[in-house]
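Asker: Work out the full structure, taking the sequences as your base and the hints as a guide.
What follows is the residue order along each chain.
Protein chains: 2
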Amino acid sequence: MQLKKPEQIGHPFSSETAPVESSIDIEHAARVLDGHSRLTPVHTSSYLNHVCDADVFLKCENFQRTGSFKFRGAFHALSRLPSNTCKNGVLTYSSGNHAQALSHAGAILGIPIIVVMPVDAPVIKKQATEEYGAEIIFYDKSETTREILAAEISTKRGLPVIPPYNHVDVIAGQGTVCKEFHTQIEELDYLLAPCGGGGLLSGCAIATKHVNPDCRVIGVEPAAADDATRSFHSGTIQTVHNPDTVADGARTPYLGHITFPIIRQYVDDMVTVSEASIISAMAIVWERLKIVIEPTGALALAALIEKKVAASGARVGVVVSGGNVDIRAVSSLFERLPNGDFSARSSQ
Amino acid sequence: MQLKKPEQIGHPFSSETAPVESSIDIEHAARVLDGHSRLTPVHTSSYLNHVCDADVFLKCENFQRTGSFKFRGAFHALSRLPSNTCKNGVLTYSSGNHAQALSHAGAILGIPIIVVMPVDAPVIKKQATEEYGAEIIFYDKSETTREILAAEISTKRGLPVIPPYNHVDVIAGQGTVCKEFHTQIEELDYLLAPCGGGGLLSGCAIATKHVNPDCRVIGVEPAAADDATRSFHSGTIQTVHNPDTVADGARTPYLGHITFPIIRQYVDDMVTVSEASIISAMAIVWERLKIVIEPTGALALAALIEKKVAASGARVGVVVSGGNVDIRAVSSLFERLPNGDFSARSSQ
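In order, the protein sequence lines correspond to chains A and B.
My numbering numbers the first residue of the first sequence as 1 and each following residue consecutively.
My numbering numbers the first residue of the second sequence as 1001 and each following residue consecutively.
In case anyone wonders, no lab produced these hints; they're calculated from the structure.
For glycine and all other residues, C-beta sits at the position ideal for the given N, C-alpha and C.
A portion of the hints provided could be inaccurate.
Sample of chain B residues at the chain A side, in silico, Cβ under 8 Å [to be verified]: (1) N1062; (2) F1063; (3) K1156; (4) R1157; (5) P1160; (6) V1161; (7) A1283; (8) W1286; (9) E1287; (10) I1291; (11) V1292; (12) G1323; (13) S1331; (14) F1334; (15) E1335.
Answerer: Here is the structure:
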């Protein structure tokens, strides 16, 4: 397996080499999160089973605190920082779910959070992050990158950084999604999870193979942002730039130097799905299962509906990563759907 | 209490007088529904508690089979019909949730269902009812009423009728919503439920007062379809005609001669809410609680948010009646909302 060095792929914060599994302590994360993260429900639907020709189980992290799985990794990573290192606060860069998750975790743990965010991030994201009490530092994307700016601020203000995915404690936290899932639903044949920077996928892959080595782990990306799929198959980290996908959580330009080797080792396959199938899968879940999931949260289900995974008759676990949407914005996506794609009734 | 005779308010199917409570057998309904209806979850949200200045518990019948509480009453009423009376099928008139619920109950119990529906009912409602295997008889609203047509067909084909709400077994079935709710959440100070024809409200009121006589039961209607509120306060059944409200489940023109006296006896108050607050409450639940509810399902919560009920500091049970929506149609409603009314993050 060819693994590029971090420098080659632009990670300014780390010179670690690929970790051994033992540094991803999912058991520890589960203990830390006990009483803080929610045990999210698993939803099923006879309609979905029919459409997918499989027994489908949706692990609903849209019901997690702050509306996505990101709370798990953020809270775990933050709680592991030695208290003397974070007295001035902790820094991150994200305009999405990780920013909100870390901000909320900081509020709970009494640690100030500083978020580097592009000045043109959606107002709704800024508001949500501010509501959780974080300080936001805006930057102009045409002048610098978030990683470079964060590194500068980190040095200047003496702030440790918790990045969105390329961090062993973040990955361990995300892994608790599947540690929990396998206790709720046993003997899964497949585990499908979306992939952006790979924090969720790598944590879930380790947790799954630990519990059930025969369960096939499949990562899913938008075809328009297929860097991880190309990386997986080529053996070197590939990139995308400003991909045009509705799945904003999967716009991440590349896997991390920590997540990439884990995905190569523990994930069985990576597949991609079209924009139309992401929107259609999301609409089916909203209308039939009566739950709000975000486009990124629909990725794994889209792969199943699109028959990108040969799971006929199998027991398939699907990780729904989150449910944070501006419903006014997402609603306009549904207008793209052909009539009769799905209908207004329940799943039974 | 003045109670008009059925003839005066146009109910062609019944000459019963107001029932005594004993004919509404919620205990029996609960036994019949055991293993058939879903024990629907109760959702909470610290954001909602903050907005409402109360401890708010949402009983989520959007997760019920067929997407609304209607399954309970339909299944119970259908299961109580003597088998020799329904060998040719059972008739109802509804273009909404009751039609789908009865059709699905019929499919489970092996009883053919015939639904009288206006020819201009939404395609999505026709499709959903047909998918459950019911026969649909269309009629032209300019030529006859659904009640008259159903009475004619009932006589001609020898079919018993299960109407949407004015039926003791339907009411008993709907009452199981609150029988269940009070076992999940104890010591509620208030119970709020939406009101269309009053089947849900009357069943829930009986169930609530049986368990907890001190719990105040409040019915909620759209201001644009306030017939039940006027009936409640005036003591005679009032009507509305083709009310212009997004809450399609509350467009029912009048209470039934069975539901009205129950509501007068067991309900403590009736309040109305604006269209804007229905849409806003629905949007908050979609975005913050990540669950899809229909406009009628948002009525009771809208009353709480609008402070139409003096429930500051109280424990308030809110019945969310259903989640059947055409998301493309409902999404356009959200465009009416002012910016900043709610934001894209989770409830904690």
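Asker: Each of the hints needs a verdict: does it hold here or not?
Answerer: Evaluation of the provided hints:
1. Restraint check, N1062(B) versus chain A: the minimum CB separation of about 5 Å is within 8 Å; hint holds.
2. For the restraint placing F1063(B) at the interface with chain A, the shortest Cβ-Cβ distance is roughly 6 Å, inside the 8 Å limit, so the hint holds.
3. Annotation: interface hint on K1156(B) violated; nearest CB of chain A at approximately 30 Å, more than 8 Å.
4. A distance limit of 8 Å between C-beta atoms decides the matter here; for R1157(B) the minimum to chain A is near 26 Å, and the interface restraint is violated.
5. Taken as an interface hint, P1160(B) does not check out: its beta carbon lies about 25 Å from the nearest beta carbon of chain A, beyond 8 Å.
6. Checking V1161(B) against chain A: minimum C-beta separation of about 23 Å lies over 8 Å; hint violated.
7. The beta carbon of A1283(B) comes within 6 Å of a beta carbon in chain A, closer than 8 Å, and the hint placing it at the interface holds.
8. Here the hint on W1286(B) is kept, as its CB sits about 5 Å from the closest CB of chain A, short of 8 Å.
9. For E1287(B), the interface hint holds, the least distance from its beta-carbon to any beta-carbon of chain A being 6 Å, beneath 8 Å.
10. For I1291(B), the suggested interface contact is upheld, since its CB lies about 6 Å from the closest CB of chain A, less than 8 Å.
11. Interface hint status for V1292(B): upheld, as the beta-carbon distance to the closest one in chain A is roughly 4 Å, under 8 Å.
12. Interface hint at G1323(B): satisfied, since its Cβ lies 4 Å from the closest Cβ of chain A, which is below the 8 Å cut-off.
13. Hint status for S1331(B): holds, given a least beta-carbon distance of 3 Å to chain A, under 8 Å.
14. Because the beta carbon of F1334(B) sits about 5 Å from the nearest beta carbon in chain A, less than 8 Å, this interface hint is met.
15. Because the beta carbon of E1335(B) sits about 6 Å from the nearest beta carbon in chain A, less than 8 Å, this interface hint is met.
Comparing the model with each numbered hint stated earlier shows that hints 3, 4, 5, 6 do not hold.
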